[in-house]
Amino acid sequence: MSGHTQQLEDGLYGLMAEFETPGQLVAAARKTREAGFKKFDAYTPYPIHELDDAMDLHDNRVSLFTLIGGILGCIGGFSLASWISAFALPLNIGGRPLISTPMFIPVTFECTILVGGLTAAISMILLNGLPTPYHPVFNVERFVNASRSKFFLCIESEDPKFDRAATEGFLESLHPEEIAEVAR
Amino acid sequence: MAQPVELPDTIYVGPVIDPGHSLASVSDKVGGIVLKRRITLGWVFGLLLSFVLLQNLMAGATWLFIKGVGVWGINIPVGWGFAIINFVWWIGIGHAGTLISAILLLLNQSWRNAINRFAEAMTLFAVMCAGMFPVLHTGRPWLAYWLLPYPNTMGLWPQMRSPLLWDVFAVTTYLTISAVFWFVGLLPDLATLRDSSKSRTGQFIYGALSMGWRNSARHWQRYEKASLLLAGLATPLVVSVHTVVSFDFAVSLIPGWHTTIFPPYFVAGAIYSGFGMVLTLMIPVRKFYGLDDIITLRHLNNMAKVTLATGLIVAYGYAIEAFFGYFSADTYERYMIMNRMTGPYAIFYWCLILCNVINPQLLWFKKIRTNPLILWIISIVVNIGMWLERFVIVVTSLHRDFLPSSWGMYWPTIWDWAVYTGTIGLFMTLIFLFVRVLPMITIFELRMLLPGAEVKEPVAH
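Respectively, the protein sequence lines represent chains A and P.
When the count follows our numbering, it moves up by one through the first sequence with no breaks and lands on 184 for the last residue.
When the count follows our numbering, it moves up by one through the second sequence with no breaks and lands on 645 for the last residue.
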């Protein structure tokens, strides 16, 4: 591991600390935020809801986009049915109304779900910046365990408060299993 | 995070996951099935058998394309034969997957975590099989795109007031959203496989599929939101799909179809048959892949309970149908129900009652619910019963038309059977391939069930 070799500051993505339990990680993440760091991230094998609070994560854009998508799907579905039935191919059957709202509900409903659901998935993927073919965190050899059993915290060098030695000292104070440099 | 509340064993049968497991061990066990486990003779034999069965579909569809729908047993008055029976049967089977993945997620039922991936895969494959039938039934499948609203030189548009068109929208939406939900659920597990794969090919394929997922807390936060939203959207969707399917029948004026009980009774039947199929597939998989510490007796017990509950709703549906027939005082309705019970297809009706009303009553007993072999047999009988139900609804309602001069009989031909058994082959082939190439259990959700996953912050020092 490149942990102890001296690296140039600009070749450094950040410093990564490894923790054994989710509790240690949540406490460490909270302290990192309280210490004033902005550009840092935690890596966990499963979603930990306590981290949202500890790291102050409140991104509600997925919900907002899904709502917008759902509303657009709803309007789109109903408009499609109405336009087809009243303008594109109007069929007068016993003088019944051309825009027969109750009969258009199933199509309207399905379009709402379709567009809303697709928006939820696509906006989550895009807001997460995926697909990401390359990311520096994978340069840390032990990072494969982030998808298995271990918990990681990475403070990025782009953070204004980041200082190679001081940040390492700060991470030490959180009692991690191990600290590693993350090459860019 | 929701932790399962441990209640005494009199209520639950054992834990949701064997207490010996850790974060690393569940990942290795489930991931190892795909990455490490050698291909066994049993798997090859099963895949081969399914693939041979799949050839029936090939032959059946080819002959159908050459000759037209006349090769099937359908004719006036029974214009809806196997194609519709099997369509409804397959769609119904799919419903359990969405129920497990969406509704049980919203209800915070943590036991679903071990079975949702498999059930969702089953949904996807079942909907694929289902979708095939209406397309084949159009007679000219190469023109199936006419069902979609698109500008064309004929100046024609689909009839938006027809339940058959609603079906097009409902089924395509269902397939799309199920696939999306399934893929979103797979993302973190694909990342796990990428990270634990030792081969370059495995790393590349799973790496590309996982899109560079890196388990970031900032990602997880949005991920959880999106999952919840998808579950919230899929829940009314699953109910709507079988409701729309039942509208195909209920909106018509045929005695035996034109009843208001159809939507709820179809949805309950769908969940009933779906859980039947989940049990049919899960019990052997659990045994052959040694997963009884992850898919525990408690899962089987719970699934059996859902089967029993929905089975009772279905039984109520049969009773109400008969009552409607009697209470309507309508000649045709009364005749239809009498004909169903005593007419030429009576044997199908009574077999259906045996399979769907008598058979699930065995599930009242905990000894039976926790006996995998007996449960497996019961689940197969459930599948047969639900197929018979659709046969009875479609055929007995149609074959005695309003005028005796137009009465007729319906019997499937060999080509009906070829296509039907062929889709079973397709379904099984896909299942066999699925268990080899993708993690059949949601690994990251399994981790959340472990006692070690609980957040216990250390005391500040």
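It is worth saying that the hints were derived from the structure and are not from the lab.
Computed from a prediction, not measured in an experiment: that's the story for all the values here.
Errors might be hidden in some of the hints.
[To be verified] Listed next, the in silico DMTMM-like pairs over lysine to aspartate or glutamate satisfying Cα-Cα at most 20 Å (straight line):
{"id": "1", "chain 1": "P", "residue 1": "K220", "chain 2": "P", "residue 2": "D476"}
{"id": "2", "chain 1": "P", "residue 1": "K640", "chain 2": "A", "residue 2": "D53"}
{"id": "3", "chain 1": "P", "residue 1": "K471", "chain 2": "P", "residue 2": "D202"}
{"id": "4", "chain 1": "A", "residue 1": "K39", "chain 2": "A", "residue 2": "D56"}
{"id": "5", "chain 1": "A", "residue 1": "K39", "chain 2": "A", "residue 2": "E50"}
{"id": "6", "chain 1": "A", "residue 1": "K38", "chain 2": "A", "residue 2": "E141"}
{"id": "7", "chain 1": "A", "residue 1": "K39", "chain 2": "A", "residue 2": "E172"}
{"id": "8", "chain 1": "A", "residue 1": "K38", "chain 2": "A", "residue 2": "D56"}
{"id": "9", "chain 1": "P", "residue 1": "K640", "chain 2": "A", "residue 2": "E20"}
{"id": "10", "chain 1": "P", "residue 1": "K640", "chain 2": "A", "residue 2": "E50"}
{"id": "11", "chain 1": "A", "residue 1": "K31", "chain 2": "A", "residue 2": "E141"}
{"id": "12", "chain 1": "P", "residue 1": "K640", "chain 2": "A", "residue 2": "E141"}
{"id": "13", "chain 1": "A", "residue 1": "K38", "chain 2": "A", "residue 2": "D52"}
{"id": "14", "chain 1": "P", "residue 1": "K640", "chain 2": "A", "residue 2": "D56"}
{"id": "15", "chain 1": "P", "residue 1": "K382", "chain 2": "A", "residue 2": "D163"}
{"id": "16", "chain 1": "A", "residue 1": "K31", "chain 2": "P", "residue 2": "E641"}
{"id": "17", "chain 1": "P", "residue 1": "K640", "chain 2": "A", "residue 2": "E156"}
{"id": "18", "chain 1": "A", "residue 1": "K31", "chain 2": "A", "residue 2": "E20"}
{"id": "19", "chain 1": "A", "residue 1": "K31", "chain 2": "A", "residue 2": "E156"}
[What the hints assert, rightly or not] Estimated spans, in silico, between C-beta atoms of each pair:
{"id": "20", "chain 1": "A", "residue 1": "E168", "chain 2": "P", "residue 2": "K471", "range": "27 to 37 Å"}
{"id": "21", "chain 1": "P", "residue 1": "F235", "chain 2": "A", "residue 2": "P97", "range": "50 to 60 Å"}
{"id": "22", "chain 1": "A", "residue 1": "P131", "chain 2": "P", "residue 2": "G474", "range": "14 to 24 Å"}
{"id": "23", "chain 1": "P", "residue 1": "K489", "chain 2": "A", "residue 2": "D163", "range": "34 to 44 Å"}
Glycine included, every Cβ here is placed at the ideal spot set by N, Cα and C.
Tested hints:
Annotation: proposed proximity of P:K220 to P:D476 holds, straight-line Cα distance about 19 Å (limit 20 Å). The hinted pair formed by P:K640 and A:D53 meets the criterion: a straight-line CA distance of about 15 Å does not exceed 20 Å. Pair hint P:K471 plus P:D202 holds up; C-alpha atoms about 15 Å apart against a cutoff of 20 Å. Between A:K39 and A:D56 the alpha-carbon distance is near 12 Å, which keeps this suggested pair within the 20 Å criterion.
For the suggested pair A:K39 and A:E50, the alpha carbons sit about 19 Å apart, so the restraint of at most 20 Å is met. Proposed proximity of A:K38 and A:E141 is contradicted: the alpha carbons are some 25 Å apart, above 20 Å. A C-alpha spacing of about 18 Å is found between A:K39 and A:E172, which places the hinted pair at or below 20 Å, so the restraint holds. With a C-alpha separation of about 10 Å, the suggested pair A:K38 and A:D56 falls inside the 20 Å cut-off, and the hint holds.
Restraint check for P:K640 and A:E20: the C-alpha separation of about 12 Å stays at or below 20 Å, so the hint holds. Taking the CA atoms of P:K640 and A:E50, the gap is near 10 Å; set against the 20 Å cutoff, the hint holds. About 25 Å separates the Cα atoms of A:K31 and A:E141, which puts this hinted pair outside 20 Å; it is violated. Distance hint between P:K640 and A:E141 is unfulfilled; the C-alpha atoms sit about 27 Å from each other, more than 20 Å.
Between A:K38 and A:D52 the CA atoms are separated by roughly 14 Å; this keeps the pair inside 20 Å, and the hint holds. A distance of roughly 19 Å separates the Cα atoms of P:K640 and A:D56; the hinted pair therefore holds under the 20 Å criterion. Of the supplied pair hints, the one linking P:K382 and A:D163 is violated, its CA atoms being roughly 36 Å apart against a limit of 20 Å. At roughly 12 Å between alpha-carbon atoms, A:K31 and P:E641 fall within 20 Å of each other, so this suggested pair holds.
In summary, the hint linking P:K640 to A:E156 is not supported, as the alpha carbons are separated by about 26 Å, beyond the 20 Å threshold. Note on A:K31 and A:E20: the hinted pairing holds, with a Cα-Cα distance of about 17 Å set against a maximum of 20 Å. Pair hint A:K31 plus A:E156 holds up; C-alpha atoms about 15 Å apart against a cutoff of 20 Å. For the pair A:E168 and P:K471, the beta carbons lie near 52 Å from each other, so the given range of 27 to 37 Å is not met.
Distance hint check for P:F235 and A:P97: the Cβ-Cβ separation is about 53 Å, which falls inside the suggested range of 50 to 60 Å. Take A:P131 and P:G474: their Cβ atoms lie about 35 Å apart, and the range 14 to 24 Å is violated. The hinted range of 34 to 44 Å is not satisfied by P:K489 and A:D163, whose Cβ atoms lie roughly 59 Å apart.
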